[in-house]
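Participant: Using the sequences provided together with the hints, build the complete structure.
The listed protein sequences derive, respectively, from chains A and B. Heads up: the first sequence at position 69 corresponds to 69 in this note's numbering, and the numbers run straight through without jumps. Heads up: the second sequence at position 22 corresponds to 22 in this note's numbering, and the numbers run straight through without jumps.
Because the hints were derived from the structure by calculation, they are not lab data. Mixed in with the good hints, there may be bad ones.
Derived CB-CB ranges, DEER-like [what the hints assert, rightly or not]:
hint, chain 1, residue 1, chain 2, residue 2, range
1, B, Lys-163, A, Ala-143, 42 to 50 Å
2, A, Asp-53, B, Gly-59, 50 to 58 Å
3, B, Gly-49, A, Glu-109, 40 to 48 Å
4, A, Ser-46, B, Gly-59, 51 to 59 Å
5, A, Thr-56, B, Lys-47, 23 to 31 Å
6, A, Asn-140, B, Arg-157, 46 to 54 Å
Note that the coordinates shown come from a computational prediction; the quantities given were computed from them, not determined experimentally. No residue lacks a Cβ here, since even glycine has one placed at the ideal position from N, Cα and C.
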Amino acid sequence: MSKPEFVYVTYIETTPEKLWQALTSSEFSKAYWFGTELRSDWRVGSPFALVMDGTTSDVGEILEYDRPRRLSYTFQHVLKEEFRNEQPTKVVFTLEPHGKLVKLTLTHEGFDGVPELLNAISNGWPAILSSLKSLLETGNALAVPMSALGTKGL
Amino acid sequence: MDIAKFKPATVYTIYIASTPEKVWEALTSAEFSKQYFFGNTVEIEQKVGGRYIVRQPDGSLHISGEVAECDPPRKLTFTFNVDWPDLIEKLGPTLVSYEIEPAGDAVRLTMTEWHDRPLSDDILEGGRQGWPAILSSLKSVLETGKPLQVKMGPPARMLAALKELGIKVP
Numbered sequence: 001m002s003k004p005e006f007v008y009v010t011y012i013e014t015t016p017e018k019l020w021q022a023l024t025s026s027e028f029s030k031a032y033w034f035g036t037e038l039r040s041d042w043r044v045g046s047p048f049a050l051v052m053d054g055t056t057s058d059v060g061e062i063l064e065y066d067r068p069r070r071l072s073y074t075f076q077h078v079l080k081e082e083f084r085n086e087q088p089t090k091v092v093f094t095l096e097p098h099g100k101l102v103k104l105t106l107t108h109e110g111f112d113g114v115p116e117l118l119n120a121i122s123n124g125w126p127a128i129l130s131s132l133k134s135l136l137e138t139g140n141a142l143a144v145p146m147s148a149l150g151t152k153g154l
Numbered sequence: 001m002d003i004a005k006f007k008p009a010t011v012y013t014i015y016i017a018s019t020p021e022k023v024w025e026a027l028t029s030a031e032f033s034k035q036y037f038f039g040n041t042v043e044i045e046q047k048v049g050g051r052y053i054v055r056q057p058d059g060s061l062h063i064s065g066e067v068a069e070c071d072p073p074r075k076l077t078f079t080f081n082v083d084w085p086d087l088i089e090k091l092g093p094t095l096v097s098y099e100i101e102p103a104g105d106a107v108r109l110t111m112t113e114w115h116d117r118p119l120s121d122d123i124l125e126g127g128r129q130g131w132p133a134i135l136s137s138l139k140s141v142l143e144t145g146k147p148l149q150v151k152m153g154p155p156a157r158m159l160a161a162l163k164e165l166g167i168k169v170p
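Facilitator: Here's what the structure looks like:
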């Protein structure tokens, strides 16, 4: 049995540098990440936070910042009662040139606690990364509200 | 066809700025599929028991199957057997389902690959590598009018695992 993790791969017609900017910029993230701002100074060891409408939903720490190849941070949900006492998990993005495209691989790992946390994460990422791809390729993010994820997202 | 014995092995979900009808058409039309499916062409008889065929760019048969569920534009399930000698005898049949659901102003497409027995991660790597490329390109075709130029062959670890099982690979 492999350890519980969520892996998502998508191919985007963009450059690694533009994708990196989208992954680390509040302006971009507000458009593709359910209106969420990414807050960090992006130095290894610095704090990281997701903020939606002034409320912090998730916090973490920057683990790796190898522009424009590999970005990683820890991730802990702090809003919902059922998840806020879970151990921090780990998010890793790898960006690889693939011809004229970029292959983006997200790995979210370290789910040792309640399975519902992995389920919620697994529901959220495809919508976020699909919207990111749309934004970079067409200039418009997707209009998918969190309430439309079908099952419960974070 | 008894599809109850199949279990999900790989799931890939993607959101597309489109309508369920257009996503259905992209998944079932030869013209569309040629653009996003590595140049391969999907031919499908849209009824339970109908044929599902994927042809390579030179017209040769690549994948063949049979439609198990057909509910346009919501759900399509079919067997998806790669036409390599001994593959189906050694690995059993592969089942693929597409679920299409409205999500906000977009569409959620969920592809699930099912098998009737446990298979190794090496064998499953074929689908795990291929589906994200195929469906990322399908999304681009529907949203921008242009497919992605994704070039890839079958993963080496899958070919090695098939060879070890005595399956002749091209």
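Participant: Evaluate each hint against the coordinates.
Facilitator: Structure-based check of each hint:
1. B:Lys-163 to A:Ala-143: 42 to 50 Å: 47 Å, holds
2. A:Asp-53 to B:Gly-59: 50 to 58 Å: Between A:Asp-53 and B:Gly-59, where Cβ atoms are some 55 Å apart, the hint holds.
3. B:Gly-49 to A:Glu-109: 40 to 48 Å: 42 Å Cβ-Cβ, so the 40 to 48 Å window holds.
4. A:Ser-46 to B:Gly-59: 51 to 59 Å: 57 Å, holds
5. A:Thr-56 to B:Lys-47: 23 to 31 Å: This hint is violated: roughly 52 Å between Cβ atoms.
6. A:Asn-140 to B:Arg-157: 46 to 54 Å: Between A:Asn-140 and B:Arg-157, where Cβ atoms are some 38 Å apart, the hint is violated.
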